Amino acid sequence: MVKNYTKTYEINYYDVDYKLKCKMSSIINFICDVGTHQSESVGGGMKYCEDNNCAWVFYKYDIKMKRYPMFGEKINITTEPVGFKKFYGLRKYIIRDEKEEIIGEALALFFLINIEKRRPMRIQKEQYDFYGVDGDIDYDISMEKVEKMQTAEYSKVFNIRYSDIDSNKHVNNVKYVEWGLEVIPVEVITNYELKRVKVDFEKETTYGEKIDVFAEVKKIDDNHLKSYHIIKDSNGKELTALEFDWERE
Numbered sequence: 001m002v003k004n005y006t007k008t009y010e011i012n013y014y015d016v017d018y019k020l021k022c023k024m025s026s027i028i029n030f031i032c033d034v035g036t037h038q039s040e041s042v043g044g045g046m047k048y049c050e051d052n053n054c055a056w057v058f059y060k061y062d063i064k065m066k067r068y069p070m071f072g073e074k075i076n077i078t079t080e081p082v083g084f085k086k087f088y089g090l091r092k093y094i095i096r097d098e099k100e101e102i103i104g105e106a107l108a109l110f111f112l113i114n115i116e117k118r119r120p121m122r123i124q125k126e127q128y129d130f131y132g133v134d135g136d137i138d139y140d141i142s143m144e145k146v147e148k149m150q151t152a153e154y155s156k157v158f159n160i161r162y163s164d165i166d167s168n169k170h171v172n173n174v175k176y177v178e179w180g181l182e183v184i185p186v187e188v189i190t191n192y193e194l195k196r197v198k199v200d201f202e203k204e205t206t207y208g209e210k211i212d213v214f215a216e217v218k219k220i221d222d223n224h225l226k227s228y229h230i231i232k233d234s235n236g237k238e239l240t241a242l243e244f245d246w247e248r249e
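Going by UniProt numbering, the sequence shown opens with residue 1, and the numbers climb by one from there.
Rather than coming from a laboratory, the hints here were simulated on the basis of the structure.
Computed from a predicted structure; not experimentally measured.
Be aware that one or more of the hints could be misleading.
Claimed, not checked - Derived pair list, reagent style DSBU-like, types lysine-lysine, alpha-carbon separation capped at 35 Å:
1. K219 / K92
2. K64 / K195
3. K7 / K226
4. K23 / K203
5. K218 / K232
6. K145 / K219
7. K86 / K125
Unchecked claim - Estimated spans, in silico, between C-beta atoms of each pair:
8. T78 / S155: 35 to 45 Å
9. R122 / E144: 24 to 34 Å
10. D134 / L20: 36 to 46 Å
11. N159 / N4: 31 to 41 Å
12. E147 / M46: 31 to 41 Å
13. D134 / V157: 46 to 56 Å
14. N191 / N53: 42 to 52 Å
15. N159 / I115: 19 to 29 Å
16. M143 / M46: 21 to 31 Å
For glycine and all other residues, C-beta sits at the position ideal for the given N, C-alpha and C.
Sequences and hints are given; from them, build the entire structure.
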């Protein structure tokens with residue numbers, strides 16, 4: 001039987017933007033945290049991964065927000081594995097407010113890597129047991145594709161700092177979304193709300209790199225925009241593609 005896990009989060013001052021709404025980056029941090037805590041609770045956490053020379057790495061995610069919680073609110077995030085397929089694991093997340101109303105949903109696709117070789121490795125049998133998963137699922141789990149940027153209208157350069165690096169020794173996945181948002185014109189940030197984020201991680205990067213972030217913004221109608229983002233390393237190799245949906249506030 002597939003196991004789910006729920007954790008409560010209070011929206012603190014450091015989680016919100018200037019409108020006192022929870023930031024998308026904080027939502028992503030909560031999503032990462034609740035999955036990590038489930039892994040720790042079932043025996044597949046950091047100690048298991050260290051002993052077995054493996055790590056779960058984000059490959060794609062898709063987050064949809066109906067509304068953002070405000071400063072001082074509490075939310076519950078429930079996660080459960082959808083299933084495994086060879087190297088890949090698919091998780092879903094449901095975000096509820098204090099009235100138990102769903103305010104957000106997410107899917108995340110991971111793959112398991114061998115830490116030393118930095119290559120995908122087959123999911124171990126005990127991982128299936130940890131999460132109550134019965135064998136590999138028999139359907140496509142690749143998720144909806146990110147639509148790619150066509151023309152770079154905006155760009156910025158960022159230097160990767162020590163604080164950007166996570167326990168897997170590469171850039172924490174939330175940083176890519178933060179970089180994507182930084183390159184967007186301020187009038188988009190102030191007049192529109194980010195309703196959906198889709199991310200494809202194509203190549204990892206580490207401390208000391210200089211990266212280039214590019215963006216294109218398209219008007220869908222009077223109330224909706226889309227932005228498309230590409231992040232490249234200093235050699236011009238594509239690291240990440242992002243697609244954001246915006247709604248006028």
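Right, here's what the structure says about each hint:
1. K219 / K92: 30 Å, holds
2. K64 / K195: OK: K64 and K195 at ~6 Å, within 35 Å.
3. K7 / K226: 32 Å, holds
4. K23 / K203: 25 Å, holds
5. K218 / K232: Cα-Cα ~21 Å, so holds.
6. K145 / K219: Within the cut-off at roughly 20 Å; holds.
7. K86 / K125: 11 Å, holds
8. T78 / S155: 35 to 45 Å: For T78 and S155 the Cβ distance comes to about 38 Å; the hint holds.
9. R122 / E144: 24 to 34 Å: Roughly 26 Å apart at Cβ, these two residues keep to the hinted range, so it holds.
10. D134 / L20: 36 to 46 Å: Holds - the Cβ-Cβ distance for D134 and L20, about 44 Å, lies within 36 to 46 Å.
11. N159 / N4: 31 to 41 Å: 40 Å, holds
12. E147 / M46: 31 to 41 Å: The hint (31 to 41 Å, Cβ to Cβ) holds, given that E147 and M46 are roughly 35 Å apart.
13. D134 / V157: 46 to 56 Å: 48 Å, holds
14. N191 / N53: 42 to 52 Å: Given about 48 Å between the Cβ atoms, the range holds.
15. N159 / I115: 19 to 29 Å: Cβ of N159 to Cβ of I115: about 25 Å, so the range 19 to 29 Å holds.
16. M143 / M46: 21 to 31 Å: 26 Å, holds
Comparing the model with each earlier hint shows no violations; every hint is respected.
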